[in-house]
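**Student:** If you read the sequence shown in our numbering, its first letter stands for residue 1, the second for the next number, and so on.
Among these hints, one or two may not hold up.
The list that follows gives simulated cross-link-like pairs (lysine-lysine, DSS-like), each with its CA atoms no further than 30 Å apart [said to hold, decoys possible]: (1) 297 x 37; (2) 116 x 57; (3) 212 x 197; (4) 248 x 333; (5) 248 x 197; (6) 200 x 213; (7) 200 x 248; (8) 37 x 248; (9) 333 x 220; (10) 166 x 332; (11) 297 x 57; (12) 185 x 213; (13) 166 x 185; (14) 332 x 57; (15) 185 x 124; (16) 57 x 325; (17) 212 x 200; (18) 222 x 212; (19) 37 x 124.
Derived by calculation from the structure, the hints in this document are not laboratory data.
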Amino acid sequence: MNRFIFVIITFLIAISFSSCNHKESTETSTNAVYFWKSWVNLSDAEQNFLTENNVDKVYLRFFDIRNDFRFGPVPDAEVGTYQSDFPNGTEIVPCVFITLEAIEDMSGREKEFAMKIFDRIDAKCKNGNLSFNEIQLDCDWTESTRNTFFTLCRELKALTSAQDKKLSATIRLHQLSQPSPDVDKGVLMVYNVGELKNSKETNSILRSDIVKKYLDGAPKYKIQLDVAYPVFSWGVVFNGTEFNRLTKIDANPDSIPELTRLHDNIFALQSNISDAVNMDYRQTVRYEMASFEELMKTKQLVEDYLGYSPQNTILYHLDENQLSKYTPAQIKKIYE
1 MNRFIFVIIT
11 FLIAISFSSC
21 NHKESTETST
31 NAVYFWKSWV
41 NLSDAEQNFL
51 TENNVDKVYL
61 RFFDIRNDFR
71 FGPVPDAEVG
81 TYQSDFPNGT
91 EIVPCVFITL
101 EAIEDMSGRE
111 KEFAMKIFDR
121 IDAKCKNGNL
131 SFNEIQLDCD
141 WTESTRNTFF
151 TLCRELKALT
161 SAQDKKLSAT
171 IRLHQLSQPS
181 PDVDKGVLMV
191 YNVGELKNSK
201 ETNSILRSDI
211 VKKYLDGAPK
221 YKIQLDVAYP
231 VFSWGVVFNG
241 TEFNRLTKID
251 ANPDSIPELT
261 RLHDNIFALQ
271 SNISDAVNMD
281 YRQTVRYEMA
291 SFEELMKTKQ
301 LVEDYLGYSP
311 QNTILYHLDE
321 NQLSKYTPAQ
331 IKKIYE
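Make the full structure from the sequences, and use the hints.
**Tutor:** Structure follows, in structure tokens:
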């Protein structure tokens, strides 16, 4: 009899696991993008990108919170937007970026700032005829600021839950080894993984070998994770071996007449004036972008770590010039 009961229980457990796995593999996934500009004025190409790739969700930066030496944490770089700026049916997720200095100064007043964040988002949405089901906080918190950020999340989640809304937070790779914040879900930011200011770095935006090192030593995360991948590029300007600044490079650098390739992805100006690149002729620039091949290697690593397909695959970010560096087939493969 005991053996019979054991067999039945084992069989039921096996069915249960099979059912759970089936549910994960068939869960509807959503294509999404970040929109991280100072104003909302989508080009025809950007509108077409959303419709052609069935992008149903846009994570939109509403404002930053920075520390003012007189007033403490204050909103900054606010973006005005309306539902009509996006295709019909697009879900907008308001995002708030919080600097480390601002989160430090919120200590002891987390409930106050949670209410301010929620009320400001709510007012902006009403003004723009926007409905929202989720708020996202973006903060590169560290071990020393973790408690304050987690308390802020807890207080804000109480407000969103009361309105039947969700709260999400960005999660950097280095934060995977830390406890998770009290949010409904996280978004794993799989970019800016290298040493930006190191002149010996080859690509600080994305390197699958660095991503692998983070994931190999990371415990399974306790909250559900969506994933954000980079589809952007930039130039990293150096004075010799000293980091100077980031500069915008929209076109392939080989197509810019004023630039000459020194080696690998390092370029210099041929003359002292360039309309295409903001740099001095005595400086060098390291051109960085996430190649399709690196993106696919990284995507496989991330999904192996998660053990499930994320509900939302998000591209950073919606920009016509940046997205044009990938073919439509490549974009569909990243979203796949």
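**Student:** Hints first: check each against the structure and report whether it holds.
**Tutor:** Status of the hints after comparison with the structure:
1. 297 x 37: Within the cut-off at roughly 28 Å; holds.
2. 116 x 57: Roughly 25 Å between the alpha carbons, so the hint for residue 116 and residue 57 holds.
3. 212 x 197: 21 Å, holds
4. 248 x 333: Cα-Cα ~26 Å, so holds.
5. 248 x 197: 16 Å, holds
6. 200 x 213: Judged against 30 Å, a Cα distance of about 19 Å means the pair holds.
7. 200 x 248: 20 Å, holds
8. 37 x 248: 13 Å, holds
9. 333 x 220: Distance of about 26 Å is within 30 Å: holds.
10. 166 x 332: 28 Å, holds
11. 297 x 57: With a Cα-Cα distance of about 25 Å, the restraint between residue 297 and residue 57 holds, given a limit of 30 Å.
12. 185 x 213: 23 Å, holds
13. 166 x 185: 8 Å, holds
14. 332 x 57: 16 Å, holds
15. 185 x 124: The hint holds at about 23 Å.
16. 57 x 325: Between residue 57 and residue 325 the Cα gap is close to 22 Å, so the pair holds against 30 Å.
17. 212 x 200: At roughly 20 Å apart (the allowed maximum being 30 Å), residue 200 and residue 212 satisfy the hint.
18. 222 x 212: 19 Å, holds
19. 37 x 124: Satisfied, since the Cα-Cα distance of roughly 17 Å is no more than 30 Å.
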